[in-house]
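J.: For the protein sequence lines, the chains are A and B, in the order given. Read in our numbering, the first sequence has 115 at position 115, and its numbers run on one by one without any break. Read in our numbering, the second sequence has 146 at position 146, and its numbers run on one by one without any break.
Some hints here could point you the wrong way.
Claimed, not checked - The calculated lysine to any residue pairs, modelled on SDA-like cross-linking and capped at a C-alpha distance of 20 Å, are:
no.: 1; chain 1: A; residue 1: Lys-58; chain 2: B; residue 2: Asp-54
no.: 2; chain 1: A; residue 1: Lys-276; chain 2: A; residue 2: Ala-173
no.: 3; chain 1: B; residue 1: Lys-70; chain 2: A; residue 2: Gly-59
no.: 4; chain 1: B; residue 1: Lys-128; chain 2: A; residue 2: Glu-235
What the hints assert, rightly or not - What the simulated footprint calls covered on chain B by chain A, stretch by stretch (three residues with Cβ under 8 Å from a Cβ of chain A suffice, anywhere in the stretch; the number is not a length):
no.: 5; segment: 13-24
no.: 6; segment: 36-48
It should be emphasised that the hints constitute simulated quantities derived from the structure, not laboratory data. Every residue, glycine too, gets a C-beta built ideally from N, C-alpha and C.
Residues per chain are reported as follows:
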Amino acid sequence: MATMHLPKFEHLCPTSIEEAAQLLGSYGDNARLVAGGTDLFPRMKQGLTRPEVVISLKGLSIDPPRVSREGDLYINALMPLADIARSPEVQKKAPMLAEAITSVGSNQIRHMGTLGGNICLENRCTYYNQSHSFQFVEPCFKRAGDRCYLIPKGKKCVAVFTADTVPALICLAAKMEIVAAGSSRQLPVEKLYTGNALSPLALSPGEIISEVIIANPRTVQGTAFTKFSLRGGVEFAGLTVAVCLEMANGTGTCSAARITVGAVSAGPVRASKAEKAMAGETLSDKLFQKITEMVAGEIRPVMHHGYSGPFLRECLKVQTYRTLALGAERAGQYRKK
Amino acid sequence: MKRLIELNINGETCELAVEPSATLAEVIRDQVGLTGTKVACGTGECGTCTVLIDGRPILSCLTLAVDCQKQAILTIEGLSEGETLTPVQQAFHDCGAIQCGFCTPGMVLSTTALLKSNPRPSTPEIQKALEGHLCRCTGYNKILEAVQQAAGAVAPKTKQKT
Numbered sequence: 001m002a003t004m005h006l007p008k009f010e011h012l013c014p015t016s017i018e019e020a021a022q023l024l025g026s027y028g029d030n031a032r033l034v035a036g037g038t039d040l041f042p043r044m045k046q047g048l049t050r051p052e053v054v055i056s057l058k059g060l061s062i063d064p065p066r067v068s069r070e071g072d073l074y075i076n077a078l079m080p081l082a083d084i085a086r087s088p089e090v091q092k093k094a095p096m097l098a099e100a101i102t103s104v105g106s107n108q109i110r111h112m113g114t115l116g117g118n119i120c121l122e123n124r125c126t127y128y129n130q131s132h133s134f135q136f137v138e139p140c141f142k143r144a145g146d147r148c149y150l151i152p153k154g155k156k157c158v159a160v161f162t163a164d165t166v167p168a169l170i171c172l173a174a175k176m177e178i179v180a181a182g183s184s185r186q187l188p189v190e191k192l193y194t195g196n197a198l199s200p201l202a203l204s205p206g207e208i209i210s211e212v213i214i215a216n217p218r219t220v221q222g223t224a225f226t227k228f229s230l231r232g233g234v235e236f237a238g239l240t241v242a243v244c245l246e247m248a249n250g251t252g253t254c255s256a257a258r259i260t261v262g263a264v265s266a267g268p269v270r271a272s273k274a275e276k277a278m279a280g281e282t283l284s285d286k287l288f289q290k291i292t293e294m295v296a297g298e299i300r301p302v303m304h305h306g307y308s309g310p311f312l313r314e315c316l317k318v319q320t321y322r323t324l325a326l327g328a329e330r331a332g333q334y335r336k337k
Numbered sequence: 001m002k003r004l005i006e007l008n009i010n011g012e013t014c015e016l017a018v019e020p021s022a023t024l025a026e027v028i029r030d031q032v033g034l035t036g037t038k039v040a041c042g043t044g045e046c047g048t049c050t051v052l053i054d055g056r057p058i059l060s061c062l063t064l065a066v067d068c069q070k071q072a073i074l075t076i077e078g079l080s081e082g083e084t085l086t087p088v089q090q091a092f093h094d095c096g097a098i099q100c101g102f103c104t105p106g107m108v109l110s111t112t113a114l115l116k117s118n119p120r121p122s123t124p125e126i127q128k129a130l131e132g133h134l135c136r137c138t139g140y141n142k143i144l145e146a147v148q149q150a151a152g153a154v155a156p157k158t159k160q161k162t
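Given only the sequences and the hints, what does the whole structure look like? Please build it.
T.: Below, the structure written as structure tokens:
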């Protein structure tokens, strides 16, 4: 394949996030933000998006992660993933986030890509994410057409959301600071995802994620993140599971649990029934087996990237069990037999 | 419209007129004329276009040249001093970690960055640092050996004479 070039665009380089938000607001749909560029530029080269204006965020200053007096962790959304993963503050306060970051893309991509960029990763599909010259004649739903090539009789787009950091952030109950021209608001990461593959993010036009905030945990937590992929590197997830077990102090009892599964649908999914069933239970192998069945019962993975639905359901069981056992082990309450 | 920019490549300042849409890889190869940086996939999967910017390995095919001003860009041409190879380059040479050589500039630069931040990496750490580089010739074992030799973890292989 011949080397692909980027289509022409106007390049703007604001020096503050307010200025960037103002520019984004005034150009609207014609403009795209670029931080690391590892998601946007391949898509532009493949002809999947053609913004007239690219607003580069590389001129903005980035503060390192900090811990407030209350123990809350603040991470600048523009910080490259590699820097977050090796930040001592993040490793201490949110080890699961560092763990999830290490599974993103490749070393170079982690040095370029940012946390905000990973949160806003575009949904993917085997058929959609191909160069224009390889595309099928009639456009699919995500290319503003009227068909799905993955599920021929499908009535809607099923492109999956594959960002690795997001299930971890949801389990850590992370919030985001969102900046727009003249205003700002906070939103839990979980509320960002619409579940609609055509417009996956609930961001209004002109809004930028500026910071991610992880509150100080109130109890001992056992957290774990696992990712299933075929090669184990430079690959989008086949399936990710993140688990956060909050322990009642000094006992083997789980007071509350959060289980989030990624890359199985158009947005990350919480296994809410299974979470309820874990509250107040003593951690044990038997419990994990029961919870694993519940998670597989309430979440139906869509087929994607060559993985069939039934395969992903079996995979979901295995990954959920492993992640729960790892989380419990880290909570110091359970040893794997 | 083209824009005038200054890039610091291998310690030298280059004044260039570039399109905002020109990637760093295109500018380094076609305008500056340093063709040691290779481009294969153009979408960030293969790692051949890796260069170091302020010491960190990045993909020059997904970086805009206009965004790289006031940063120190290091390409494979900037590593050796004349004909004296760096220990990493020498190790790649000694271990037979180069066959067709297309992935080598990226591999060597990533290894250089790795050994600077972590002088004695473990095997999994080396694999993690080089996961973004594809090599279709060597099967990776010789590259792994080369990095270990450059890190001083194994005794240097003597050059085989034929």
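J.: Now tell me, hint by hint, if it's right for this structure.
T.: Hint by hint, here is what the structure shows:
no.: 1; hint: A:Lys-58 to B:Asp-54; in the structure: 14 Å, holds
no.: 2; hint: A:Lys-276 to A:Ala-173; in the structure: 16 Å, holds
no.: 3; hint: B:Lys-70 to A:Gly-59; in the structure: 11 Å, holds
no.: 4; hint: B:Lys-128 to A:Glu-235; in the structure: 13 Å, holds
no.: 5; hint: 13-24; in the structure: holds (count 5)
no.: 6; hint: 36-48; in the structure: holds (count 6)
Checked against the numbered hints given earlier, this structure breaks none of them.
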